[in-house]
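Using the hints provided, position chain P relative to the given structure of chain B.
So the sequence lines, in the order shown, correspond to chains B and P.
For the first sequence, the residue numbers in our numbering are 1 to 176.
For the second sequence, the residue numbers in our numbering are 1 to 387.
Because the hints were derived from the structure by calculation, they are not lab data.
Please note that a few of the clues may not be correct.
Here's a subset of chain B near chain P, in silico, CB distances under 8 Å, partners left out [stated by the list, open to error]:
1. L80
2. T83
3. L107
4. E109
5. R111
6. Y112
7. A113
8. P116
9. N117
Between beta-carbon pairs, the in silico distance windows are [what the hints assert, rightly or not]:
10. P12/B / R107/P: 41 to 49 Å
11. D49/P / N52/B: 22 to 30 Å
12. K128/B / G227/P: 54 to 62 Å
13. K125/B / G3/P: 55 to 63 Å
14. A162/B / H262/P: 38 to 46 Å
15. L169/B / K105/P: 36 to 44 Å
16. T8/P / I86/B: 54 to 62 Å
17. E10/B / G115/P: 20 to 28 Å
18. H81/B / A256/P: 32 to 40 Å
19. G156/B / G3/P: 36 to 44 Å
20. D20/P / Q154/B: 23 to 31 Å
21. Q232/P / I86/B: 43 to 51 Å
22. D49/P / E10/B: 16 to 24 Å
Where is the CB? At the ideal position from N, CA and C, for every residue including glycine.
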Amino acid sequence: MGADRAVHVEVPEKDYASLQPIHVSKILAKLAQQEEASLVLVGKQAIDDDCNQTAQMTAAYLDWPQGTFASKIEKTNGDLHVTREIDGGLETIKLKLPAVLSSDLRLNEPRYATLPNIMKAKKKKLDKKTPQDFGVEIKPHMEILKCEEPPTRQAGIVVESAADLVAKLRELGTIP
Amino acid sequence: MEGGVVATQGGVCVDLTKMDRIIEVHPENFTATVEAGVTRISLNEYIRDTGMWFPIDPGADASLCGMAATSASGTNAVRYGTMRENVVNLEVVLADGRVLHTQGKGRATKKTAAGYNLTNLLVGSEGTLGIVTQATLRLYGIPEAMISAVCLFPDIRSAIDTVVQTMQCSIPIARIEFLDEASIDASNRYSNLNQKLAPTLFLEFHGSKLSVQEQADAVGAIVSENGGSDFQWALKFEERKKLWKARHDLYYAGKASIPGAHAYSTDVCVPLSKLSEVLTETKKDVDAAAKFLKGHLVGHVGDGNFHVLIAYDPNLPDAVDKLHDLVDKINRRALAHGGTCTGEHGIGLGKRKYLAEELGEVNLDVMRSIKTALDPNHIMNPGKKIP
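Isolated chain B (complex conformation) (with noise of 0.2 Å):
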């Protein structure tokens, strides 16, 4: 694991409570124009949000072709055969490039990096960005009005019989 080369698009703190997939999806489509890329791979779903929504976004926004969920990706002949997990089993379809591809667990296994790499990594480029470079303001798209803990565990009652039980039940209204 590891790169070359890095672009870091800052994202200020006061900000970041707003930041959506649409607003990363139009910044990755942005930059893949600028860099001349033939391929966007980014994961299927963060672990924070769960939205599964930035790689699909962003091949619209650069209306390339999307291979989504993919747990085996192949070059033939210039285009991928990408196998997709999917709720019936695999679906296996293929694409041109250039193309957006979103990565399922069974994909592969993650490489940590080395020492001597991280090493390297400390001299390797990184630019720094804002999302104004790529003409993206993070405007919030939609309010979150709520944020809450789900109830704290009530105290279970312990009952002397089944009759008690069952009365028990009746009183709290989960039975007839």
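Just chain P now, kept in the frame of chain B:
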């Protein structure tokens, strides 16, 4: 593996698995301090973004403090050492409740000449001198490149000669493991490998891309000179993982070779100069007992350490007696050749009877003095380790 935690005299068994905080990680110092319940895989996952790892791998996802208490080892001891070389400091609760820091509280230097080497007194003490509650461990950088290989030999001798010559050439091989035909057969069935049945070496090389290639070429030459063949490379992470998992699962693979079997593993370690002879003679003994049990020879031959994984049906008449005979033969042969009855599994309950021959009475008396000094009432894991 040797009954070390069985309360043969009654008593309290202390389970420290919930004491599982990673206290601190110092990448620049190459150290990490963990509580008793932290396991080696959870530490390695925690530190993965530092590019470091703790390489000692006894197969199971063991607790690091447990590994310290038993002087654990693994398949890459030939390059990275065992727990003896990789524990910097221990926090130990003594029999009277005092808390000991073997290198001083909060200290973790690469080397020290201060005081007695209490750290290594406690490493491998199997709970008889104190309870290990925290360990400061030595970390290593994850090597830039790792490649594995498998090669086959016409007989055990040529495989072991290859190992000895590789060590003599000072090639810094990371893993060099021997598997006999029975082990390969068991692995093929249990772990879905597809190896030819022959005495086999599993190898792994760590280093920069260039040095790994250099090591592999050097070992390749030695393998050819000894009549080895069918060199297969495992370059991809997933392939290497499958290979080493199969090696680590040999206990289960061997056990599965007889349905419903029990299994026992010997653990002798002998000088490299005696390894070929000891292995060949041991194989003869295993074959002689074939009617009663199935033995699989496998091991860390770069260290002179090998296991005979013995599967047996406890209900088969005489099988248990034959097992005890065979195990005794293997241990006594190792001792007769200047070896030890245990390279890594420890003495526990089962191997105390060999210590007098292996270490001698003066050694036993010194150990007993130390034990009595630290545990006058003999409450710490009584009946274990020291006869």
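Hints, verified against the model:
1. A distance limit of 8 Å between C-beta atoms decides the matter here; for L80/B the minimum to chain P is near 20 Å, and the interface restraint is violated.
2. Annotation: T83/B was flagged as interfacial toward chain P, and the flag is violated, the nearest CB pair being 16 Å apart, outside 8 Å.
3. This hint is violated: L107/B has a C-beta 11 Å from the nearest C-beta of chain P, more than the 8 Å allowed.
4. For E109/B, the interface hint holds, since its Cβ comes within 8 Å of a Cβ in chain P; the closest pair sits about 6 Å apart.
5. Of the supplied interface hints, the one on R111/B holds, with its beta-carbon coming within about 6 Å of a beta-carbon of chain P, less than 8 Å.
6. Taking 8 Å as the C-beta contact cut-off toward chain P, the hint placing Y112/B at the interface holds, the least distance being around 4 Å.
7. Nearest Cβ of chain P to the Cβ of A113/B: about 5 Å, under the 8 Å cut. The hint holds.
8. Look at P116/B: its Cβ gets to within about 5 Å of chain P, closer than 8 Å, so that hint holds up.
9. The interface hint given for N117/B is met, as the beta carbon of that residue sits about 6 Å from the closest beta carbon of chain P, less than 8 Å.
10. For the pair P12/B and R107/P, the supplied restraint of 41 to 49 Å holds, since their beta-carbon distance comes to about 42 Å.
11. Distance hint check for D49/P and N52/B: the Cβ-Cβ separation is about 25 Å, which falls inside the suggested range of 22 to 30 Å.
12. As the Cβ distance of K128/B to G227/P is approximately 60 Å, the hint placing it in 54 to 62 Å holds.
13. One distance hint, 55 to 63 Å for the beta-carbon pair K125/B and G3/P, holds here, with the actual separation near 59 Å.
14. Taken as a hint, the range 38 to 46 Å holds for the pair A162/B and H262/P, whose Cβ atoms sit roughly 45 Å apart.
15. Between L169/B and K105/P, the C-beta spacing of about 57 Å breaks the proposed range 36 to 44 Å.
16. With their beta carbons about 56 Å apart, T8/P and I86/B fall inside the hinted range of 54 to 62 Å.
17. About 51 Å separates the C-beta atoms of E10/B and G115/P, a value inconsistent with the hinted range of 20 to 28 Å.
18. Here the CB-CB span from H81/B to A256/P is close to 38 Å, well matched to the stated 32 to 40 Å.
19. Taking the beta carbon of each, G156/B and G3/P are about 41 Å apart, inside 36 to 44 Å as hinted.
20. Checking the proposed 23 to 31 Å range against D20/P and Q154/B shows it holds: the Cβ atoms sit about 29 Å from each other.
21. Restraint check, Q232/P to I86/B: a C-beta distance of roughly 35 Å breaks the suggested window 43 to 51 Å.
22. Range check, D49/P to E10/B: about 20 Å between beta-carbon atoms, so the 16 to 24 Å window is met.
The earlier numbered hints that this structure contradicts are 1, 2, 3, 15, 17, 21.
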